[in-house]
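Please build the complex by placing chain B on the supplied structure of chain A, with the hints as guidance.
Each protein sequence line maps, in turn, to chains A and B. According to our numbering, the first sequence holds residues 1 to 294 in order. According to our numbering, the second sequence holds residues 295 to 706 in order.
Keep in mind the hints are simulated off the structure, nothing from the lab. It cannot be assumed that every hint is accurate.
[Claimed, not checked] Residues from chain A that face chain B, not an exhaustive set, calculated with beta carbons under 8 Å:
| hint | residue |
| --- | --- |
| 1 | 7 |
| 2 | 115 |
| 3 | 117 |
| 4 | 120 |
| 5 | 121 |
| 6 | 122 |
| 7 | 131 |
| 8 | 140 |
| 9 | 142 |
| 10 | 144 |
| 11 | 169 |
| 12 | 215 |
| 13 | 259 |
| 14 | 265 |
| 15 | 267 |
| 16 | 268 |
The beta-carbon is built from N, C-alpha and C at its ideal position, and this holds for glycine as well.
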Amino acid sequence: MVFQYPMITVQACLDGLLLGILFALIAYGMALQWGVMNIINIAQGDLVILGGYIAYFMYLYGIHPAWGVIVSPIIMYFIGVGIYKLVINKVVDRDLFISILATFGISILFMQLMNFAFGADVVLANSGYGTTMLFDNNVTLPNSKIFSAFISIVFAICLVIYMKKSKLGRAIRATAQNARAAKILGVDTEKVYAATFGINAALCGVAGALISITFTIHPYMGLPYTIRSFMIVIVAGLGNLPGVAMSGMGLGVFEEFADYILGTEFRIGSVFLLLVLILVYRRFKLSRKREYLK
Amino acid sequence: MKINKLILSFISAVAILLSTSVVSFAKVVGDKIVLGAAISLTGKYSSNGVHTQNGYNMAVDRINSMGGVKVGGKTYKFEIIYYDDESNPKRAAQLAERLISQDGVEFMLGPYSSGLTKAIAPVTEKYGVPMVEANGASRSLFTKGYKYLFAVLAPANLYLDVAIDLAVEKNNGKPVTVAMAFEQDAFSQDVRLGVLDAIERTGSKKVIDDKLPKELNDMAATLVKVKQMKPDVLVVSGHTKGALTAIRQIAEMKVDVPMLAMTHCDAAKLSKQHGKNSQYALCASQWHKTLTYKDNFFKDGMKYAADFQKEFGYDPPYQSAESSAALLVFKDAFERANSFDKKKVRDALAATNMQTFYGNIKFAPGGQNVDKPMVLFQVMCDGSGKCENKVVAPTKWASAKLIHPIPKWSER
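Bound-form chain A, shown alone:
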């Protein structure tokens, strides 16, 4: 099929790239807090969906949902800080397993709360952005997807600059490198952790708003986003933004092709499979490295 209709290949690549950029944004948030706090946030996808609901409610009240990319991160930042103060600060120095359990609990709680508050209906926000047609209408790119990718890039760039230039950004990076040393040198690590979790939640908010514009949202749809971002981070490594962007886009394209070649039913499944393969491969590589050391 892919060879029979060459336009499908072009379409799949473009769709995948645009989608991948959005995934990369979510993954970047995850990489950031993973790197700084050593916490794997299972609730990442649920934060994304919550951000989506914020944009959706703006849409319901007649505000264009694109404004959600401004409003949603602001609200989500405070929600993120709130979650940190309530739960995460108690598990931040503990081992990874405890933090996974804690965030898993938060994830379930969020799903149920969203279901309770917003109902189980599938919803979406219409941006009315229209479509860009290429190659004699054979390839179509919804402008909402282009908008999503563009906004994701803008936020990623802003964040990189912020991390490099601002005082808090430097403090975050210092804490990531060595929390104890940073503490001795006067960095309030508690504050840094709270801010990091807040920034992560804010990024999820942006992504959620974009997803409500491009796809659909539903209280139980968070997990696939968690898995995707987990995978992107695993591939790219922590603290490696170009890597996150590249592996995000790679994953997007991979998903689209898996969809065409294997069928839509294997789309999410193939992502899981890839995750397993990568983990096995990494382990294999690590064990070889260990042998050299011996």
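Okay, now just chain B, sitting in the frame of chain A:
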């Protein structure tokens, strides 16, 4: 320590009190016939669960206020014990067990969705408790040889085969090419089987047969294929999210297809969420308010819709209408059985042959309703962008003429 013990004994006292008081419920108490239902009030089916509950409540109020149920010369009123099954099949089965063995319920109403009905049916069957259900359409429910299960709705495989017949008819009786995209759940796969039967029957050809995942929110890949292969009909079934995603992406990608047929359009409030983009979509429905079936309690569909709107503040989806119909069936069966014996009521249910505002009801040996065809409506919008669902098939009930083929996006 002492306080702890005190609290503990207090709690156990309350527990004992509760457990004994619960037993005092029974099938028929005084002038009340107590029905049991596990309904999804929370969890992923909660919105349709509420539609179901509203439908049940509406019918209970109506029947009770219009004289109740007459059995053995005495008048009884309906009452329903509800439990929340949290949209979870395991929980639903537990609750059915509890309703029957603890609360003493001897007549059950169905839950929402095929999956939950499947979980409950073995329990009601085990205890020989008649269950009239209104929201489980999966064909596999009716092939297990259940004796106590009765469904007022048409089985899932009949949802969209009408659309294929319609497409062939519009193609001057010549076979058509069909693209299919179905979610991988019991219900949608049953719909798919029905479509496959229709394809075979009409000598048509399937060109795409995609299965959609449960976490569906992107079906661009399927639609790209549709764009390239240009089938005559595109059939989509993936509950609410399938309908919403399909319409959004068809509009965004400007996919031209002469006929688009779906399920769950009214549950998805398609025309409300998507406005003009949803125009021309064909939707399978168990019921539509403009159908002219009649009964003594709700008069007809239009009256039912108006009353429902007044009581609950929204237009009734078919899930509510069929749930209301389930109570009418129970009332009719009790009166014909003239007894509260489970076996007699079961036999009376099996012999049901009646018309309700929702449609004719007559059960096949498997328990499905064989006397009510599905209807197809088409979303039609006027110049101002206001959209309405109008029945276009079967011809007997049509209130508007089918618009076929769907105009190309470039001409809209």
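Each hint tested on the structure:
no.	hint	verdict
1	7	7 Å, holds
2	115	7 Å, holds
3	117	11 Å, violated
4	120	5 Å, holds
5	121	5 Å, holds
6	122	4 Å, holds
7	131	5 Å, holds
8	140	4 Å, holds
9	142	4 Å, holds
10	144	7 Å, holds
11	169	34 Å, violated
12	215	4 Å, holds
13	259	4 Å, holds
14	265	4 Å, holds
15	267	6 Å, holds
16	268	5 Å, holds
Of the numbered hints listed earlier, those contradicted by the structure are 3, 11.
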